[in-house]
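Protein chains: 2
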Amino acid sequence: LHKEHLTTVARQINLLKPAQLLKIFERLSHQRRAIVYRLLDKDLALRVFEGLSPVLQSDLVHALQEHDTTDLFNELAPDDRVWLLDELPATVASRLLRGLDDDEREETSTLLGYPADSIGRRMSPQFVTLRPWHTAAEGLDRVQRRLDTVESVYYLPVIDSGRRVVGAVSLRQLLGADDAQLVETLMEPTMTAEVSEDEEVVARRTARRGQFAVSIVDHEERLVGVFTLDDAVRILEFEESEDVSRQGGVEPLRRPYLSTPVSRLVRSRFTWLLVLAIGATLTVQVMAVFEETLEAVSVLALFVPLLIGIGGNTGNQAATTVTRALALDDIQPRDILRVFTRELRTGFMLGVALGALGFLIAWAFFALNVGVVIGLTLLAICTVAACVGGVMPTIASAIRVDPAVFSNPFISTFVDATGLIIYFVIARAILQI
Amino acid sequence: LHKEHLTTVARQINLLKPAQLLKIFERLSHQRRAIVYRLLDKDLALRVFEGLSPVLQSDLVHALQEHDTTDLFNELAPDDRVWLLDELPATVASRLLRGLDDDEREETSTLLGYPADSIGRRMSPQFVTLRPWHTAAEGLDRVQRRLDTVESVYYLPVIDSGRRVVGAVSLRQLLGADDAQLVETLMEPTMTAEVSEDEEVVARRTARRGQFAVSIVDHEERLVGVFTLDDAVRILEFEESEDVSRQGGVEPLRRPYLSTPVSRLVRSRFTWLLVLAIGATLTVQVMAVFEETLEAVSVLALFVPLLIGIGGNTGNQAATTVTRALALDDIQPRDILRVFTRELRTGFMLGVALGALGFLIAWAFFALNVGVVIGLTLLAICTVAACVGGVMPTIASAIRVDPAVFSNPFISTFVDATGLIIYFVIARAILQI
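In order, the protein sequences belong to chains X and S.
Heads up: the first sequence begins at 13 in this note's numbering, then just goes up one per residue.
Heads up: the second sequence begins at 13 in this note's numbering, then just goes up one per residue.
To be clear, the hints were calculated from the coordinates, so they are not data collected in a lab.
Be aware that a few hints might be false.
Note that the list lumps identical chains together, so a pair holds whenever it fits in one copy or between two copies.
Subject to a maximum C-alpha distance of 25 Å in a straight line, what follows is the list of computed SDA-like cross-link-like pairs (lysine to any residue) [stated by the list, open to error]:
{"hint": "1", "residue 1": "K29", "residue 2": "R184"}
{"hint": "2", "residue 1": "K35", "residue 2": "D242"}
{"hint": "3", "residue 1": "K54", "residue 2": "P264"}
{"hint": "4", "residue 1": "K35", "residue 2": "T204"}
{"hint": "5", "residue 1": "K35", "residue 2": "E251"}
{"hint": "6", "residue 1": "K35", "residue 2": "R246"}
{"hint": "7", "residue 1": "K35", "residue 2": "S106"}
{"hint": "8", "residue 1": "K29", "residue 2": "R176"}
{"hint": "9", "residue 1": "K29", "residue 2": "V229"}
{"hint": "10", "residue 1": "K54", "residue 2": "T20"}
{"hint": "11", "residue 1": "K29", "residue 2": "E196"}
{"hint": "12", "residue 1": "K54", "residue 2": "L124"}
{"hint": "13", "residue 1": "K35", "residue 2": "P201"}
{"hint": "14", "residue 1": "K35", "residue 2": "D347"}
{"hint": "15", "residue 1": "K35", "residue 2": "E249"}
{"hint": "16", "residue 1": "K35", "residue 2": "I348"}
{"hint": "17", "residue 1": "K54", "residue 2": "E303"}
{"hint": "18", "residue 1": "K54", "residue 2": "P137"}
{"hint": "19", "residue 1": "K35", "residue 2": "R267"}
{"hint": "20", "residue 1": "K29", "residue 2": "L124"}
{"hint": "21", "residue 1": "K54", "residue 2": "V104"}
Every value quoted in this text rests on a predicted model; they were computed, and no experiment measured them.
Sequences are here, hints too, so could you generate the full structure?
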């Protein structure tokens, strides 16, 4: 990207479609992204900006001139604006808010008034409502009059005189009805969510049921906004990435991999790795306690990596399954006993199978009593690991901590230390050391 | 669920909304689900059936009477029918297909003709097309005439005389336009995907760009179907679950946790666990090779679980980040060199930090030379683990294997054995054993 090439680059990139440009922007490093962005024509620049994730938008806001960002900010929909504001430092955020005209500022401030992570921040405050006594023709007319200002027109909530949601009509139903047909006879029950509910929960429910949109109501069931499927998809992608990362013991990057600086990659991993490393010093202590046993029967040391490896894997498997079920709302924290008994049975069966195998192999290559120790240890470790792996995420969810925080590495480390104790206790008992 | 209670249950459940019933069905065991389902009124039963995932639908089909399922099958949309058929054994599938009327059967067979996992099986073959020379009024009229038979009416592809897609108009644009305005002046470029493309790739692209729908075309760019966002969401939820499971070393359950029999939980984990256990016997062999070293300096054994634990975690972190980036299409297999150098730098920096810490601790509690061994080993293990964790999923993706198959447990096991070798080689060199 030499200076003399910039005009050539500018000519070329302005021929591309927004989707292609987004792809390019997501692969560029931080500085280059801002340079290339400034080469775009104004309309194209706006479309690209709208398509970027809020984190990348915020990176750009930092890099651009003040008056450029004010314009961009004005063009965004209120809920997209809130996404971006959540990423910006307070001073920049309030400067941008001051740049809005009164109506827009009021709508945006209302959304900002809802608690962080609530669906209130993600809904659109612009929608068309119908009344039960409207005719289909009146309804269609209302839609047509607000076509330019409103974000979503395909889902039309029906409210009574107290602004309470009594149902919803789709634009499709309205088009298919006779002109004189009453909305009352057309409308169907609709999914609603309360404005303070967690964004992830509402997004999951919306996506699960294949709903095109849901009505968002306050605690007196009065309509305050509409939440659409495309926003649900955006939230879910974000949450999925967070869950997947945490389960692997990494803080979420929030940026595409190639446009994340290496220093940020290191930071996203270091804290967790340090916590796990400190946890792992437990295993050194356990090993030290049983040092005599190890020295007396040195063959025991050979199996240490195998046993804790299998224990860690069994724990991971259970944690993965249960964390996913919690994320999908397939189980609730109150199901903890059912989870425990299911994992106990699962772990025990896996332990019997692997224990039998381990017994045979250790017997064949070493001795009968070594075989018995390995077999029994595998049985015990698998059972314990599956229970721990299943129960820990459920407890986390009960105390409202992200279950994915009790990540696989975390469970491995915990199971490692426990597994070693089980191993040496069994070994001592059977080998009578 | 005693016989005498069934009538009471029947009365109660028929008062519930479909969404509540779905929640209940997803928590019931296999047999109970079929019993409760038969108690539902016909209309309600159909709505619940439509809302269930294809796997649960297929469970129900097995449990219900032949003529009941034929009715249900007729009511489904063509693409939903294909989802279900994919789950059923061939004999049941062909019986159900025979029960369809000619038009429906033809549409369904066309979809079934596309390769498994292609977007062709997931698109809707029913849509309304416009021509560039239509006026807005003509367009609206076309939509209204097909309102009852077509699945999606909000996205309207525009085709030329050769059925090639030249753009798309939204129902909203059509409503906002003057009656005489030509479609040509209204239409905008639209995202298209080829019918043989992978369903996950197209679903991800659709969701990413917040598109409401995309046009599906054949290899000559002629329109053959429309793929909508709600189906994209369904595919992505399914694929996410698959990725998350595989990364934890579990075969996907495909059913809600509580309605999966324990025997199936065991089966979903056993194969992987066995593969990993066999892999882990490698560590026993490595340990056996270095048995003399271990006996000579018994303090070395104490650090084995710690070192392989940290190595495994570093590998997991890299694999998690890179696998996610591959799933989101943030990186492609051809980026493998960039991934390698980034992970090399990241792993090295993490290794320097943890190695320094390990050196200090081991020096303080044991001896200087032990400290040097531990410090250098941590540096080497972190670097190698990050590289392996980053490169393996990329290679998998290049040879078109699901990167998540090189799951975290898989990488842990691999890194365990490598880490032990590194440890003992360094120890021998420095302690001069």
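Evaluation of the provided hints:
{"no.": "1", "hint": "K29 <-> R184", "verdict": "between (31 Å within a copy, 22 Å between copies)"}
{"no.": "2", "hint": "K35 <-> D242", "verdict": "both (19 Å within a copy, 23 Å between copies)"}
{"no.": "3", "hint": "K54 <-> P264", "verdict": "neither (32 Å within a copy, 47 Å between copies)"}
{"no.": "4", "hint": "K35 <-> T204", "verdict": "between (35 Å within a copy, 16 Å between copies)"}
{"no.": "5", "hint": "K35 <-> E251", "verdict": "both (21 Å within a copy, 22 Å between copies)"}
{"no.": "6", "hint": "K35 <-> R246", "verdict": "both (17 Å within a copy, 24 Å between copies)"}
{"no.": "7", "hint": "K35 <-> S106", "verdict": "neither (30 Å within a copy, 43 Å between copies)"}
{"no.": "8", "hint": "K29 <-> R176", "verdict": "between (43 Å within a copy, 19 Å between copies)"}
{"no.": "9", "hint": "K29 <-> V229", "verdict": "between (38 Å within a copy, 19 Å between copies)"}
{"no.": "10", "hint": "K54 <-> T20", "verdict": "within (18 Å within a copy, 66 Å between copies)"}
{"no.": "11", "hint": "K29 <-> E196", "verdict": "between (44 Å within a copy, 19 Å between copies)"}
{"no.": "12", "hint": "K54 <-> L124", "verdict": "neither (28 Å within a copy, 45 Å between copies)"}
{"no.": "13", "hint": "K35 <-> P201", "verdict": "between (40 Å within a copy, 17 Å between copies)"}
{"no.": "14", "hint": "K35 <-> D347", "verdict": "between (43 Å within a copy, 14 Å between copies)"}
{"no.": "15", "hint": "K35 <-> E249", "verdict": "both (17 Å within a copy, 23 Å between copies)"}
{"no.": "16", "hint": "K35 <-> I348", "verdict": "between (43 Å within a copy, 18 Å between copies)"}
{"no.": "17", "hint": "K54 <-> E303", "verdict": "neither (71 Å within a copy, 70 Å between copies)"}
{"no.": "18", "hint": "K54 <-> P137", "verdict": "neither (27 Å within a copy, 38 Å between copies)"}
{"no.": "19", "hint": "K35 <-> R267", "verdict": "within (13 Å within a copy, 35 Å between copies)"}
{"no.": "20", "hint": "K29 <-> L124", "verdict": "neither (33 Å within a copy, 33 Å between copies)"}
{"no.": "21", "hint": "K54 <-> V104", "verdict": "within (22 Å within a copy, 58 Å between copies)"}
Hints 3, 7, 12, 17, 18, 20, counting from the list given before, are not met by this structure.
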